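Asks: The chain contents come next:
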Amino acid sequence: MDPIKEAMLHRSRSAKLERRGRLLSLACISLIVLVVLAIFIFVASRGLATFFTNKVNLISFLSKSTWAPAVKDAHGVPQVGALPMIVGSFGVTFLSAVVATPFAVGAAIFMTEISPNLGKRILQPVIELLVGIPSVVYGFIGLSVIVPVIRTVFGGTGFGILAGTFVLFVMILPTVTSMTVDALKAVPRHYREASLALGGTRWQTISRVVLRAAMPGILTGIVFGMARAFGEALAVQMVIGNAALLPKDLISPASTLTSVLTSGIGNTVMGSLENNALWSLALLLLLMSLAFNLLIRWIGKKGEMK
Amino acid sequence: MKKLLGILAALSLTLLVACGAQDSNGESITAVGSSALQPLVEAAAEQYQSDHLGVFINVQGGGSGTGLSQIQQGAVEIGNSDLFAEEKAGIKAKALTDHRVAVVGITPIVNKSVGVKDLTVTQLRQLFTGEITNWKQVGGKNLPVVVVNRAQGSGTRATFEKWVMNGRQPLAAQEQDSTGMVRSIVASTPGAVSYVAFSYVDQTVETISLDGIAPTEKNVTTNAWPIWSYEHMYTKGKPTGLTKKFLTYMQSSRTQKRLVAKMGYIPMTAMQVTRDVQGNVVRK
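The listed protein sequences derive, respectively, from chains L and X. For the first sequence, the numbering used here begins at 1 and goes up steadily by one. For the second sequence, the numbering used here begins at 1001 and goes up steadily by one.
Same shape as in the complex, but just chain L (with noise of 0.2 Å):
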């Protein structure tokens, strides 16, 4: 036959490569997909038992502030109410990025405007090393030294709010460091030199051309801490104090979404009440972490550059 021909009829074997690789990668994308799909449902299934086969009223659950899942009250209602774990975990959650923010931005400046040699050679890799340290450690840290000084510089127990902000805003700290770094790196360089050329110093370029034109990429840095912040479990578990109880200050023992997890899941049955309470605890947790993913996505549209 016509060699011409006959390959204008078979496949070429790079189309079949091509078709392979297309394969290859469509079966990694569905493992992803069917994987997330999956822990999903299960602790959908889990967590939404508490309300409809427990019959635990929802408001309740996020309005109510006694956490004693085996205890019923005077109407034979299990006590459910998560709001000191909410205001626990959100209360750690921003005062950590509070505080992280402006050391982040101020290192990032640093980094790229004003020491970008020193930034690349030295902080960079102590920034990424922070980020490697497991969080048993900083626990441990916070466990043996934040502690005690927050007790007998404020009094109380120095278990609470304010220790678990430490630990987080030293764990989130470089997240939100390379994150805007990065975003400071994406601004154009005539940027800079148009804002130079027309007379501004070097801090009125940084402070509003530099840092507005990377804000959306700064904010999204931000979210990313609060987003680890938010799951964070062991670290916070060790110093926060682990007490179901609605914060009245920041040195009193407190609780959050995921120290009441690690805590009690161990000690309960699967199926009964008390294990579908934690679970509830779960799917609120993920149910955080999607809204704060799609506050990423909202703030990277929102600030694209046109």
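Be a bit skeptical, because a hint or two may be false.
Stretches of chain X that chain L covers, calculated by requiring three or more beta carbons in the stretch to come under 8 Å of a beta carbon on chain L [unchecked claim]: (1) 1123 to 1133; (2) 1162 to 1173; (3) 1187 to 1195.
Just so you know, these hints were derived from the structure itself, not from any lab. All values derive from a computational prediction rather than experimental measurement. For every residue, glycine included, the Cβ atom is placed at its ideal position computed from N, Cα and C.
Dock chain X against the given chain L, drawing on the hints supplied.
Replies: Using the frame of chain L, we list chain X on its own:
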């Protein structure tokens, strides 16, 4: 492509080896649950395995609730628990067989600064319900009381509350999910009070006598000190094969006298009384 094939080949080889190893090793069982009982079972399993080559006993923690629910589902061979299965919500105790392997005494501990060595049970209860807020109300120093609890559902906490709280709810306070953590917090926090198993008491904390009775093993064996619990190893139905052999080994007087006592638990053989799930005490 060659690389991929290589990886696949390596993977299947590992699988084959793993399966083969399990086959030639004969029996293997898994015991899951109570972290209070875990060290004892681990030590016993280690000894048993060195005496009987080719068997494998896998011991895991996870908490009493995990132990009971796993054995109920039949996912493991042995479920370890600090509590009677009847005491745990969501467990059908009828299907499970109880094997008591040790006794654990629990004692209140306080920070060394409080200046109190003896309390009545009522005073101890009032400390945990929040009616007593300062140590000077019970004859100690002028120091606020800091209550540290174990996590809700913990076996130690359930035992303590059963014999001390008299049906009353403790105030919401700090909760820790491990005994070691409780001890280090009590040791370092002025005015702290909590409770731990006897084996965790060391010189960093102070124990409390109740109505003049000291928390000693001797007082537990006569039930003069009421805050203690059995350590249970549950099986689904009657145990068979390696599970049965291992449980017999755990309950044998040799293991009880040597290993159980050495690990800081109270041997079943030393007990002069028995207690059922309702708390009825019978002299042996």
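Asks: Checking against the hints above, which ones are violated?
Replies: Violated hint: only 1; rest satisfied.
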